[in-house]
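Going down the list, the protein sequences come from chains A and B. Counting in numbering that gives the first Met the number 0, the first sequence runs from 0 upward without gaps. Counting in numbering that gives the first Met the number 0, the second sequence runs from 0 upward without gaps.
Please note: incorrect hints may appear among the correct ones.
[Claimed, not checked] As a list, the in silico DSS-like pairs of lysine-lysine whose alpha-carbon atoms are at most 30 Å apart:
1) B:Lys83 with A:Lys285
2) A:Lys188 with B:Lys202
3) A:Lys139 with A:Lys113
[As the list claims (entries may be wrong)] To give a feel for the contact side, a few chain A residues facing chain B, derived at Cβ under 10 Å:
4) Ala91
5) Asp165
6) Asn182
7) Ala187
8) Phe210
9) Asp212
10) Ser217
11) Tyr221
12) Ile226
13) Glu249
14) Val250
15) Val297
[Unchecked claim] Negatives, chain B to chain A, calculated, CB over 10 Å:
16) Lys68
17) Lys76
18) Asp87
19) Lys113
20) Lys188
21) Glu204
22) Val250
23) Met259
24) Phe293
25) Glu295
No wet-lab data here; the hints were simulated from the structure. The beta carbon of each residue, even a glycine, is placed where N, CA and C say it ideally should be.
Number of protein chains: 2
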Amino acid sequence: MVEVVIVGSIGLDNIETPFGKVIDTLGGSAIYSSIASSFFAETGVVGVIGTDFPEQRLKEMQRKGIDIKGIETVEGKTFRWSGKYEFDLNTAKTLKTELNVMENFQPKIPEEYKKAEYVFLGNIDPELQLKVLEQIKKPKLVVSDTMNYWIETKRQKVLEVVKAVDIALMNDAEARELFRTNNLVKAAKEILKLDSDYAIIKKGEHGSVMFSDNNHFSLPGYPLENIKDPTGAGDSFAGALIGFLAKTKEVTEPNIRKAMVHGSIVASLEAEGMGVTNMDFINQFKIKERFKEFEEIVKF
Amino acid sequence: MVEVVIVGSIGLDNIETPFGKVIDTLGGSAIYSSIASSFFAETGVVGVIGTDFPEQRLKEMQRKGIDIKGIETVEGKTFRWSGKYEFDLNTAKTLKTELNVMENFQPKIPEEYKKAEYVFLGNIDPELQLKVLEQIKKPKLVVSDTMNYWIETKRQKVLEVVKAVDIALMNDAEARELFRTNNLVKAAKEILKLDSDYAIIKKGEHGSVMFSDNNHFSLPGYPLENIKDPTGAGDSFAGALIGFLAKTKEVTEPNIRKAMVHGSIVASLEAEGMGVTNMDFINQFKIKERFKEFEEIVKF
């Protein structure tokens, strides 16, 4: 039974970093986050692909443990993204984005997914995020993500999503832009004022922070010496976070801290390979090993 | 008896941030770090001032707990710095630097300071840092700091300092520039290769990290909602770090972690006021309170 439902983009990516190049590789926010979630819980993905989508990539998703009943195939071409990173690896330079079938995407949730208690609204149009939420019966936990493009074009809708979810997740630049402040503590407090129970802000190599009304948690980034490609690291963080919460079935502040550690672990392992390639080498042993490392890293 | 000797710049600053403005205020790397150190141990400062230096500022230093026997007065004008911060508060725009008497400064260590076991080589010309080191008899611990200006003009000397000290401290931009890599883990490993026992990298609002041959510690930044002026925060971190180690007399990896937490506490309290003003309100009670907060912040 599908425990986690994830909506987001599904596509084919071309990625170039100083450490390698991949062509027509499986990509999109829903892909990274659902693979990451699947390490912990049964995960179904909601998204759209075109008729040109290679059969082998669908098989690859299934092999990676994702339930693909929620993927709709529509006449036309699949979403595509091409990006390049320079040596600092901090920001991707987008070379090309082709929305293709994503442009008219109307998410339809399969009956079987409607009872799922854990929902992750990955980075897509906030109007679609809200439409997904309407279709799920009684979610126990809804987590959202977004990106600067939606903040700039549909700010009010992004704020509506933040209002509607339990955990609003975004990166530091997005939080600063959405709430027009440079101070992350102030931005997080704005999220909480909008009625989210938790604000989680991802800070790339600097880790992540969580704010609730009475608590603050700060988790440093895993010290990555051999980072190869940061594409999808934020989505992987989110996927592992919700997957861990679905597995442990405990949406409490202390358990959200543990979920963030697991998010960071999967994201750091993922970033050590190009595109999704490293996901194949992530297993429970590696996750446990890196969890112990994290315990050592923060101890004083 | 002076336990910690600190060398660095002493001057008069004009600082402007979106939250306030101070004129002719006590400033310089040696000032912030020695006040911070004095919360934990008897601290003497080595530096130079001009004959124009106001008597009241000298009294202010003593009132703040610094031993000033190591301050030499030289005919001429005191070092001056003017800087301005925009809303992001991340980098100061230097409006004016007047080296004045700092230009021909030759540090002379008073006899009484020569037996001090803890030495902090604050940000000044690396050649002067090395000259200070020659004059101290048997230091138990030497910590160094630097800045981009010296890396760009005297890189080999900066590397010599790193080689000569036990803990090489610098900020993330400096570490990246000194070792010509974007990867902080790689930069830290270069520091260790040069024979420093510990590499500590300050990351501003993102906290600090420590690397030794077998260990890694990462401390998040204190979540500052009301930061007013980051001037001197890095120096305060360093001062509290060495002061704490001098007080506890235990230069071990676990205790260096605790010293970093104390560095971060004093730096965060300092940054909540303009210039050095907040230093007057720092006390053991506030330090203990923020230490407990830090324990809560990182727990998972």
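Hint by hint, which ones does the structure fall short of? Violated hints: 1, 4, 5, 9, 13, 14, 18, 20, 21, 23, 24, 25; rest satisfied.
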